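There are 2 protein chains.
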Amino acid sequence: MFDFAHSLKFKEKDIDLLTVGELLVDMISEGYSDSYEYSMYHRYFGGSPANIAMNSKRLGIRPLVASAVGNDGLGLFLVEHLQRAGMDTSCVQHVNEATSLVVVTKSKSTPVPIFYRGADYRLTYTEELRSALLRTKIVHFSCWPLSRQPVRSAIEQVIRDARRNGVLVCFDPNYHPALWEKGEDGVKYIKTILPQVDIAKPSEDDAERLFGKDTPENQLQKFLDLGVKLVILTLGKDGAIASNGQETVKMDTLATQVTDTTGAGDAFWSGLYTALIKGYPVRKALEFGLAVSAYKLQYTGAVVELPELETFKTKYQI
Amino acid sequence: MFDFAHSLKFKEKDIDLLTVGELLVDMISEGYSDSYEYSMYHRYFGGSPANIAMNSKRLGIRPLVASAVGNDGLGLFLVEHLQRAGMDTSCVQHVNEATSLVVVTKSKSTPVPIFYRGADYRLTYTEELRSALLRTKIVHFSCWPLSRQPVRSAIEQVIRDARRNGVLVCFDPNYHPALWEKGEDGVKYIKTILPQVDIAKPSEDDAERLFGKDTPENQLQKFLDLGVKLVILTLGKDGAIASNGQETVKMDTLATQVTDTTGAGDAFWSGLYTALIKGYPVRKALEFGLAVSAYKLQYTGAVVELPELETFKTKYQI
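These protein sequences, in sequence, are chains A and B.
full-length UniProt numbering puts the first residue of the first sequence at 1, with every later residue one more than the last.
full-length UniProt numbering puts the first residue of the second sequence at 1, with every later residue one more than the last.
Just so you know, the hints here were simulated from the structure itself, not pulled from any lab data.
Check the hints yourself; a few may be wrong.
Repeated chains share a single entry, so a pair holds when one copy, or any two copies, can fit it.
Each computed EDC-like pair below joins lysine to aspartate or glutamate, with the alpha-carbon atoms no more than 20 Å apart [stated by the list, open to error]:
(1) LYS284 with GLU305
(2) LYS13 with ASP88
(3) LYS106 with GLU80
(4) LYS9 with ASP185
(5) LYS315 with GLU204
(6) LYS250 with GLU184
(7) LYS106 with ASP26
(8) LYS191 with GLU204
(9) LYS315 with ASP252
(10) LYS313 with ASP198
(11) LYS213 with ASP88
(12) LYS13 with ASP205
(13) LYS106 with GLU128
(14) LYS278 with ASP252
(15) LYS191 with GLU217
Note that the coordinates shown come from a computational prediction; the quantities given were computed from them, not determined experimentally.
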């Protein structure tokens, strides 16, 4: 199915990409400082799947965000942000929990984000969500909604109905133990999800958290062995390595300037999805992923102004 | 016991005031703005009991804070803030939940705070807390820790052991339905706590949320009927009215300039406690409460630099 030289065949649908999961506020301290006195924070639109949807719209496809926010000021901020970007917010559910929030205090040492999970894990498999799923070509989700009930059940239903209806199932295995409830083996659970996934894009850290330290080739193989059909392992400055089980390709980074790595992974997904939807062969679509990621790396922020996908062709000689 | 003309007799103890409950971060938007674009927030030390403890130390007594914070950057910030003020932090518990956070986006209309409760409700009745309770003259708590388990059980144990050991039980009945878990009748529960309380200081809004709309005198009587020994109903610009069941006193505000009302109630408690501990008669202690509150109202912020209690005597002619 994922022959690198061929493009993917999608049925005609009116949504190209449905992202399901976290839509949240990132509260990030201003500048880098380890000073105790440091006390200003910026409020940002956040949540990796929502960022991918925003990027993909700018690149030229039709995404839809399915998420849950609280009936509060931060939820309103997120919904208005989507609407200002021209996004349909009909699949954003409003629930009686605080809008999920991540606080990041930047630091020269390791900045440890603090997760305040509220509305995001209250997402349910509504009739609207089911209907959107049947109308999309690709569905995307990360580990966030899998880490906790009741949204986990919603994602399980999404996967089941996606597979029954020929929707491409794409998963960001961004596993982190801090997201999981104490006492549950998140790694074990993720390994029950991977066999149902068409495309997974782990980073080296993700792979290590799931499978322990190993060579990139071995890590790829572990995902393939579990049944993932196309695995892309991103290697930071060393580019990426991808395999469909028959063929493995190694690709260099296209980045020339690295200003901020936040959102680089989401940018990769966005370029990949947009290129796949636009009918580029898988190998080219991976290059578009690297190109959009390289573009994003030049700028600060998780979501940056992206031009249409086609402009990347000449800029990055794809 | 609360004869207005007499001072309270305390046993000799090495802590004057133990505050038990919420210690949290307030993330407050900069300036007043309803603009969607508005995105800067200030991080503040917060939690009403902790503020009262900070104030009381500045006024000249020996307070101790018993709270729970997360093992994270915001918890560290709170603990360091206490330490810089010279406070003993041995009763601050460190738990595996995110440090509790309140996000307030200021607005010309009603700014609705969003509560992110984490560590604060994980406070437990440890041996350290029990030991501190037996060593204090006064114990203070608000509705926050009563709203949720397991900290509710800790407070119930605090109340029981305080009453057994002659510790004055003081309660801020700042009831708000948003704090309570859905489905539980918080008002009904608070009414089971009030009979065990020596001093309660509701605001008019608190009283209305608990008992419905009524005259100040009738509201006072409802608290007294439930068994509270001294009730102080604060009336904003109209001062306060207090009753011990035999005698009722009406006091005018001492405020001449109102810059920021945040923390005015905590300032009142702080002045009252400090004066009671320093041996002033109850009536005078109430005036010190109003004086410290009036002083605080001139400045911005929940906790302001307060001089020693005695300076208020001449400044406000007490």
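* Failing hints, ascending? -> Result: hints 1, 4, 5, 6, 10, 11, 12, 13 and 14 break, sorted rising.
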